[in-house]
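> Sequence:
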Amino acid sequence: MNTWWILAIAIIAEVIATSALKVSEGFTRLIPSLVVVVGYGIAFYGLALTLKTIPVGVAYAIWSGMGIVLVTLIGWFLFDQKLDPAAIIGMVLIVAGVVVMNVFSASSGH
14 MNTWWILAIA IIAEVIATSA LKVSEGFTRL IPSLVVVVGY GIAFYGLALT
64 LKTIPVGVAY AIWSGMGIVL VTLIGWFLFD QKLDPAAIIG MVLIVAGVVV
114 MNVFSASSGH
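Going by my numbering, the first residue of the sequence shown is number 14, and it counts up by one from there.
No wet-lab data here; the hints were simulated from the structure.
There could be a bad hint or two in this list.
To be verified - Quick list of the computed label-pair ranges, beta carbon to beta carbon:
hint, residue 1, residue 2, range
1, V108, Y58, 21 to 29 Å
2, I87, F40, 35 to 43 Å
3, L106, R42, 31 to 39 Å
4, E38, L96, 38 to 46 Å
5, G39, A119, 23 to 31 Å
6, V51, S77, 17 to 25 Å
7, P68, V36, 32 to 40 Å
For glycine and all other residues, C-beta sits at the position ideal for the given N, C-alpha and C.
Build the full structure now, drawing on both the sequences and the hints.
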């Protein structure tokens, strides 16, 4: 499987786990708590696999940056958490940074 697909799966697993973390209510609800543990296990395993071919700084920047944006969007849509203009601008800058790294950086392992 392509390393970039593995990284995408790791990001999605981390986003699902983080979203379930809120719903687990401090690990007092069984099913969301299990989703957290399994999701983070998949996320870190996937990230570890990607580090065989993608430099750690690049992989982690993409993983964490996209995770921040996606979790924030889930919070906005599912949990009715508000975003102010500064938060939106910050997320646009994070996405722009990930795009710049992937498109223009020789370090990204493409």
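> Does the structure break any of the earlier hints, and which numbers would those be?
Per hint list: 2, 4, 5 violated.
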